[in-house]
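**Q** Those protein sequence lines, which keep their order, are chains U, L, R and F. Following our numbering, the numbering of the first sequence begins with 436 at its first residue and continues without gaps. Following our numbering, the numbering of the second sequence begins with 436 at its first residue and continues without gaps. Following our numbering, the numbering of the third sequence begins with 436 at its first residue and continues without gaps. Following our numbering, the numbering of the fourth sequence begins with 436 at its first residue and continues without gaps.
Derived by calculation from the structure, the hints in this document are not laboratory data. Where is the CB? At the ideal position from N, CA and C, for every residue including glycine. Be aware that one or more of the hints could be misleading.
For each label pair, taking beta carbons as the anchor points, the in silico distance ranges come out as [stated by the list, open to error]: (1) R/699 x U/555: 51 to 61 Å; (2) U/451 x F/745: 35 to 45 Å; (3) U/835 x F/541: 47 to 57 Å; (4) F/715 x U/453: 27 to 37 Å.
Derived lysine to aspartate or glutamate pairs resembling DMTMM-like cross-links, with alpha carbons at most 25 Å apart [what the hints assert, rightly or not]: (5) F/545 x L/552; (6) F/559 x L/555; (7) L/559 x F/555; (8) L/559 x F/556.
Number of protein chains: 4
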Amino acid sequence: MEITSLGEARFDNPMSFHVDDAARVRYNVIVEPGDTPTDDFLFEVAGPRRRIFFDPPKTRAGIVTCGGLCPGVNNVIRAIVLELYHRYGVRDIFGFRNGYSGLDPRVGEKPIPMTPEFVEDIHKDGGTVLNTSRGPVDIRIAVDNLIARRIDILFTIGGDGTQRGGAKLFHEARRRGYKLAVVGIPKTIDNDVAFVSRTFGYLTAVEEVSRVINCAHTEAHSVRNGVALVKVMGRNAGFIAAGATIASQDVNFTLVPELPFVLDGENGFLSALKLRLIDREHAVVIAAEGAGQHFFSTEAQRFDASGNPKLNDIGAYLRQRIEAYLSEEGLPSTLRYFDPSYLIRSVPANAEDAILCNFFARNAVHAAMAGKTGILIGHQHDTFTHVPIELLEQRKKQLDIDSPLWHGVVSSTGQNFACET
Amino acid sequence: MEITSLGEARFDNPMSFHVDDAARVRYNVIVEPGDTPTDDFLFEVAGPRRRIFFDPPKTRAGIVTCGGLCPGVNNVIRAIVLELYHRYGVRDIFGFRNGYSGLDPRVGEKPIPMTPEFVEDIHKDGGTVLNTSRGPVDIRIAVDNLIARRIDILFTIGGDGTQRGGAKLFHEARRRGYKLAVVGIPKTIDNDVAFVSRTFGYLTAVEEVSRVINCAHTEAHSVRNGVALVKVMGRNAGFIAAGATIASQDVNFTLVPELPFVLDGENGFLSALKLRLIDREHAVVIAAEGAGQHFFSTEAQRFDASGNPKLNDIGAYLRQRIEAYLSEEGLPSTLRYFDPSYLIRSVPANAEDAILCNFFARNAVHAAMAGKTGILIGHQHDTFTHVPIELLEQRKKQLDIDSPLWHGVVSSTGQNFACET
Amino acid sequence: MEITSLGEARFDNPMSFHVDDAARVRYNVIVEPGDTPTDDFLFEVAGPRRRIFFDPPKTRAGIVTCGGLCPGVNNVIRAIVLELYHRYGVRDIFGFRNGYSGLDPRVGEKPIPMTPEFVEDIHKDGGTVLNTSRGPVDIRIAVDNLIARRIDILFTIGGDGTQRGGAKLFHEARRRGYKLAVVGIPKTIDNDVAFVSRTFGYLTAVEEVSRVINCAHTEAHSVRNGVALVKVMGRNAGFIAAGATIASQDVNFTLVPELPFVLDGENGFLSALKLRLIDREHAVVIAAEGAGQHFFSTEAQRFDASGNPKLNDIGAYLRQRIEAYLSEEGLPSTLRYFDPSYLIRSVPANAEDAILCNFFARNAVHAAMAGKTGILIGHQHDTFTHVPIELLEQRKKQLDIDSPLWHGVVSSTGQNFACET
Amino acid sequence: MEITSLGEARFDNPMSFHVDDAARVRYNVIVEPGDTPTDDFLFEVAGPRRRIFFDPPKTRAGIVTCGGLCPGVNNVIRAIVLELYHRYGVRDIFGFRNGYSGLDPRVGEKPIPMTPEFVEDIHKDGGTVLNTSRGPVDIRIAVDNLIARRIDILFTIGGDGTQRGGAKLFHEARRRGYKLAVVGIPKTIDNDVAFVSRTFGYLTAVEEVSRVINCAHTEAHSVRNGVALVKVMGRNAGFIAAGATIASQDVNFTLVPELPFVLDGENGFLSALKLRLIDREHAVVIAAEGAGQHFFSTEAQRFDASGNPKLNDIGAYLRQRIEAYLSEEGLPSTLRYFDPSYLIRSVPANAEDAILCNFFARNAVHAAMAGKTGILIGHQHDTFTHVPIELLEQRKKQLDIDSPLWHGVVSSTGQNFACET
């Protein structure tokens with residue numbers, strides 16, 4: 436797990452607490468009989484280094500936020516600014532607005548100076564004070580601009596596409612011999628980044644979805660044969676649906692992308708739902724937006740501005756199929772549909788996420804000041820790490836259907852229906 | 436304002452506090468020069484009477500909840516049961532399930548006995564423990580059933596249609612010489628019942644919509660030219676939209692049924708929205724579901740099971756019109772659409788509504804025990820009253836566009852666009 | 436109810452909506468047999484007047500906040516500034532910091548300019564951006580300062596003492612022939628101002644106290660013979676204790692200043708508490724801070740900086756007496772004591788209070804611009820009014836032990852113990 | 436790390452998912468240069484075993500909750516009952532009431548049968564439906580009782596003392612040849628159990644303390660030289676104070692038991708506080724209840740019913756010292772004191788803790804059914820484990836003042852004052 440460094444560290448770190456650059460954290464912590472101890476990743480432990488690469492008073496840093504909203508982005512921005520300013524003495528910090536488009540001087544506004552006063556209270560609001568957008572930027576023009584503005588460090592807060600873009604910026608800068616530290620902070624409310632056990636915003640989302648489920652349960656429970664169908668975030672991974680199911684204990688069926696569930700037939704989901712209604716007269720169904728995409732497999736794939744495949748709308752599909760099926764089966768029912776995504780991703784971070792954001796941000800600052808580049812901050816086993824961006828492309832994090840987490844979902848719902856094999 | 440009574444009160448009220456049956460509350464409290472004092476309604480003041488009509492140990496009471504969910508229904512049920520039980524000594528209290536259909540023994544389940552234990556904690560949950568449904572019941576069969584079960588008092592918790600149904604039940608019972616007290620508690624989250632200054636659930640809804648607006652504002656504010664469009668409850672009246680606008684202070688345009696706003700043209704809403712975006716780069720729009728129905732006037736009207744006209748979807752319409760207009764005008768924007776109704780009406784009552792519910796319910800009990808019938812509990816000038824159900828049909832409560840409330844909306848939004856005249 | 440005016444209104448109101456200066460609102464709305472209609476207060480209806488006294492571009496306004504914190508103060512400040520600025524065109528608005536001491540140039544800081552940008556988000560925070568303090572100011576020096584700064588209008592946000600101080604400022608200014616409009620906005624979380632049916636902050640307090648009661652109930656309910664004792668605000672009036680009792684439905688004993696309850700003896704509070712514990716094994720007691728002061732009557736009275744009498748600590752007294760009594764009676768118990776005042780008064784206003792604040796503030800602006808002075812904004816029967824400050828001194832608002840509100844408390848608690856007669 | 440087992444597993448586990456009994460999780464995951472890999476704990480991985488010791492239809496289980504309240508206890512109770520009932524088919528589940536005293540038939544009530552219906556909604560409330568108490572039980576009498584009631588499994592939810600008591604129960608049962616599985620679920624809101632990275636309730640507490648800090652900040656910020664002093668839980672460890680400091684970002688001084696801070700002198704805390712006030716005019720101080728006990732070292736130590744040393748009241752002490760110091764220094768200030776512990780520990784679990792509780796509980800069931808005894812459920816590196824109770828006595832978890840967590844506190848507060856060395 437080699438981490439690229441901009442060069443030899445040349446300055447003393449003004450902080451008094453340091454992490455040994457040689458410290459590593461294991462990836463695998465479970466030892467099973469017959470295991471060979473060789474096949475393990477070892478990640479650099481994040482934290483302040485004794486010696487740093489950049490001279491704080493001369494260092495110029497930029498921050499950019501990309502992609503969809505996620506609770507905690509402002510906490511990250513704020514902690515980056517405060518750590519740079521108060522702990523290292525960096526004074527020139529700039530916010531590029533509107534995502535990567537802000538790096539392009541042809542379309543972007545002038546970056547705004549980021550001071551402790553500016554960020555004082557921003558963590559109490561959701562969203563991002565720097566605005567966000569989707570989509571890439573012309574890498575050459577962006578690097579031209581970063582060089583022209585003498586930016587030494589760029590913090591990229593965003594998802595997969597954003598981090599890949601950050602890697603390209605770093606490579607282009609290196610090609611030109613410009614010492615640019617690009618350090619990413621992974622932002623995905625779906626919690627699906629490999630080598631990051633918990634992304635910020637995820638737990639706030641689970642908390643908010645739990646409230647929605649509470650409402651959904653009330654709606655389903657207040658009419659005879661009430662069905663509440665809740666679509667939540669989770670393009671490739673069902674962590675939000677799974678977490679909220681276990682947290683709320685009011686969900687009866689949890690549908691996630693990792694589970695190729697069958698709708699029809701004696702053992703299909705629809706039949707199981709009918710049995711539940713006959714038995715209990717109400718049901719709560721939660722579906723991740725990426726669930727059930729196998730029902731649409733023949734359609735041509737489209738992509739959004741960030742390069743993510745456009746998903747087919749499983750919510751609308753399930754709603755139509757459930758209503759039609761129950762009507763055919765002579766079970767008059769009332770279906771209430773919930774699509775709360777914008778109400779979830781736009782809230783401020785809860786306490787746990789606020790803490791996570793603080794550590795992600797401060798460790799990003801430590802890494803960048805030490806001259807690390809082309810990395811993002813990871814998190815494993817309660818330890819923050821340096822992860823090469825390239826590594827992300829090799830691995831995706833998904834729910835393991837054979838894991839304790841999923842078995843917790845099954846225990847909580849009691850669900851039982853067939854899956855494709 | 437004659438209130439129908441089942442007959443002479445024959446028993447002493449076990450409560451020590453009484454309201455004089457002759458006490459009245461004025462409807463008009465504003466005196467303007469030139470007013471003549473004659474044109475005033477005078478409503479009976481609600482409260483325990485010194486003498487009551489029903490003998491508590493022999494009295495049998497029923498409760499039914501109808502129509503859509505509304506915060507506080509369980510509070511009302513609970514307070515009816517506790518007041519009957521503890522303050523009057525009534526022991527036979529029954530809950531008819533699933534709305535008016537529960538009065539029909541052919542389709543309804545057996546009514547469930549309501550005890551203090553059963554209702555102990557129900558006020559902490561949203562929804563209704565008695566379930567609800569829409570639609571009328573066969574009046575004769577319902578009265579047959581009420582007589583067969585020897586129900587003396589029926590509490591009807593619901594909206595206009597429910598109260599009209601309650602009046603029919605009472606008339607049918609009277610026709611047969613059966614002494615049935617029907618007392619309604621007005622339930623409409625829209626707050627649009629005449630002679631009721633504030634219906635329970637309304638303020639909880641305003642609180643919840645304010646949270647949604649906070650999210651909507653964050654979404655709009657975090658991208659360039661972000662537009663957040665929020666559709667809220669309010670079929671005939673814009674009280675929720677207006678209240679949430681003033682409470683949140685983050686709304687820029689408030690569209691209500693009472694305002695026949697113009698979309699197109701130099702002074703239309705779309706043009707005003709464009710100016711706002713050019714000026715501030717984001718906008719929050721809130722629309723009551725009954726707003727803008729004049730855009731659909733040529734369509735044939737349809738009705739739902741409760742007999743309410745089906746509204747055309749102003750949310751979808753505005754969304755399409757806004758996106759098309761801004762695109763034509765060369766102002767690339769991002770529109771986020773919010774339709775949070777089920778998340779709002781299903782929450783528990785807040786403190787203010789919990790208090791309101793308690794008073795509505797206990798006054799309903801006092802009225803019924805005193806033998807009042809064909810009434811609903813009203814609320815004027817901080818006083819609870821008896822309102823003949825018939826009176827409701829003559830008058831609807833709507834937002835007055837020339838009132839302090841609406842001027843508060845205009846001050847809060849600064850909105851300025853043309854309306855049809 | 437004569438309202439003092441600074442003189443004839445000389446300018447057109449830029450607002451298009453007006454309230455007739457002759458409109459009045461009745462104080463008494465209940466008509467009982469034998470009433471004579473003469474004994475009624477008639478209050479001026481607040482709102483924008485067609486003609487105003489001050490010329491907006493030349494008008495200079497000041498705002499001061501005094502006394503204890505209360506949810507909504509920032510909402511009031513913000514709405515005053517925005518209404519003056521956007522609706523009237525007043526540009527010179529100043530905030531005097533740290534309460535009345537800010538009017539004294541010898542100790543106060545320079546007043547700060549209040550702009551729409553400054554107040555943009557302040558309503559989302561509790562407290563007051565202008566800071567607050569207790570105690571009076573030297574009236575002559577304050578008026579010297581107001582004249583020197585050419586302040587035309589002073590908005591005083593505070594309780595009784597503050598409003599009395601405002602009246603003195605106006606009288607001193609008038610004595611010198613200086614046209615100073617002093618308009619008060621009543622601020623008391625206790626809700627005990629006569630002629631104001633609901634002060635802002637009160638309902639937020641009830642909501643927060645209800646949460647505390649929920650915790651108190653959990654504590655009491657989780658041990659055998661658990662007693663939770665909650666002391667809440669309410670120096671002279673028990674409105675907060677009463678409201679939270681009815682809202683939460685988990686209180687068993689509510690003690691308020693208006694109720695001279697007896698502690699000892701067979702019918703005293705302690706005996707009733709013991710019976711409750713024997714019967715149910717837990718109890719929740721709420722006491723307003725002004726309750727039970729008759730137990731301390733022999734002590735010499737002391738006063739705080741605002742001139743309010745210092746109360747004896749009923750919380751500590753009850754705690755000691757309850758623990759001693761139950762111990763003597765051989766009923767081992769666990770008492771948990773809650774004193775949450777600072778956690779309640781420091782939160783932001785809820786939606787209902789935010790709306791109230793907005794109307795109080797905007798009506799204060801209308802009154803001041805029209806040249807009214809020596810008044811505060813009142814609220815009766817859902818109508819905002821002008822109330823001469825002098826009138827406040829004649830009347831206090833307290834809980835009526837023979838009113839529906841208190842009977843709601845008794846119904847909710849089932850409490851039954853002796854009071855002094 | 437040998438785990439005691441009641442004997443050979445004799446039955447097939449009805450669950451389809453199993454964890455290999457030989458699987459282990461490493462305790463140390465950080466590899467530093469020069470480490471030798473030998474000095475590591477290896478813990479059994481918790482989870483369902485292929486073969487189990489108890490025959491579900493014949494198994495009788497008991498649950499007891501001890502010590503102070505903590506968010507999530509009801510979640511744990513509920514998940515134990517549901518997992519036993521639905522996943523294993525155990526039907527005889529009993530709740531012993533009022534803590535360990537409930538095991539003593541001389542004082543305890545009859546244990547109550549625990550069914551899925553009984554626990555249905557209990558997780559939505561704070562506290563414990565089984566009640567709690569402090570203090571030990573006569574081990575012999577308790578084991579007599581367990582044997583008489585043919586209890587096979589006892590789940591002990593509580594802190595250190597409770598777990599030690601559980602170990603004694605198991606040893607006494609073994610001495611008599613009775614096969615009793617005692618499985619503990621660690622409950623400490625302070626998060627200070629070794630081998631448990633996160634105890635349930637801790638994060639909910641951090642969330643609630645963050646709200647309190649928000650109020651404290653408002654109070655301090657709304658007067659000149661306002662000081663808010665907040666005492667929070669944390670007898671031996673400052674995790675709650677530290678977590679809430681980082682989460683809220685509004686704390687200026689964080690005092691924890693691990694930090695032997697100096698009050699007086701040029702570099703002491705009081706001097707640093709004074710500088711802060713001169714600079715910013717307000718300050719927020721948070722102190723764990725176990726902080727600063729070195730100031731009281733000469734006093735004789737006392738103990739509570741659970742055997743914990745009684746702490747001296749650092750809140751009262753700091754309050755008095757701060758007020759005296761600032762007064763002497765001629766800096767008039769206003770100190771607001773917050774002691775919110777009962778308001779924090781009595782709330783329901785937030786989503787994250789609800790999930791934790793679910794896993795702790797279900798893993799306890801798996802362990803017990805497999806015949807493990809004398810253990811508690813641990814949690815390391817996102818993996819649940821079996822920890823011998825005896826191991827707990829050797830090690831306490833405290834805040835490491837040289838760790839990233841504490842450095843996060845220092846970054847968040849900027850605090851700088853002397854400590855004893």
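**Q** Taking the hints in turn, state whether each one holds.
**A** Checked hints:
{"no.": "1", "hint": "R/699 x U/555: 51 to 61 Å", "result": "55 Å, holds"}
{"no.": "2", "hint": "U/451 x F/745: 35 to 45 Å", "result": "36 Å, holds"}
{"no.": "3", "hint": "U/835 x F/541: 47 to 57 Å", "result": "50 Å, holds"}
{"no.": "4", "hint": "F/715 x U/453: 27 to 37 Å", "result": "30 Å, holds"}
{"no.": "5", "hint": "F/545 x L/552", "result": "22 Å, holds"}
{"no.": "6", "hint": "F/559 x L/555", "result": "15 Å, holds"}
{"no.": "7", "hint": "L/559 x F/555", "result": "15 Å, holds"}
{"no.": "8", "hint": "L/559 x F/556", "result": "11 Å, holds"}
In summary, this structure violates none of the numbered hints.
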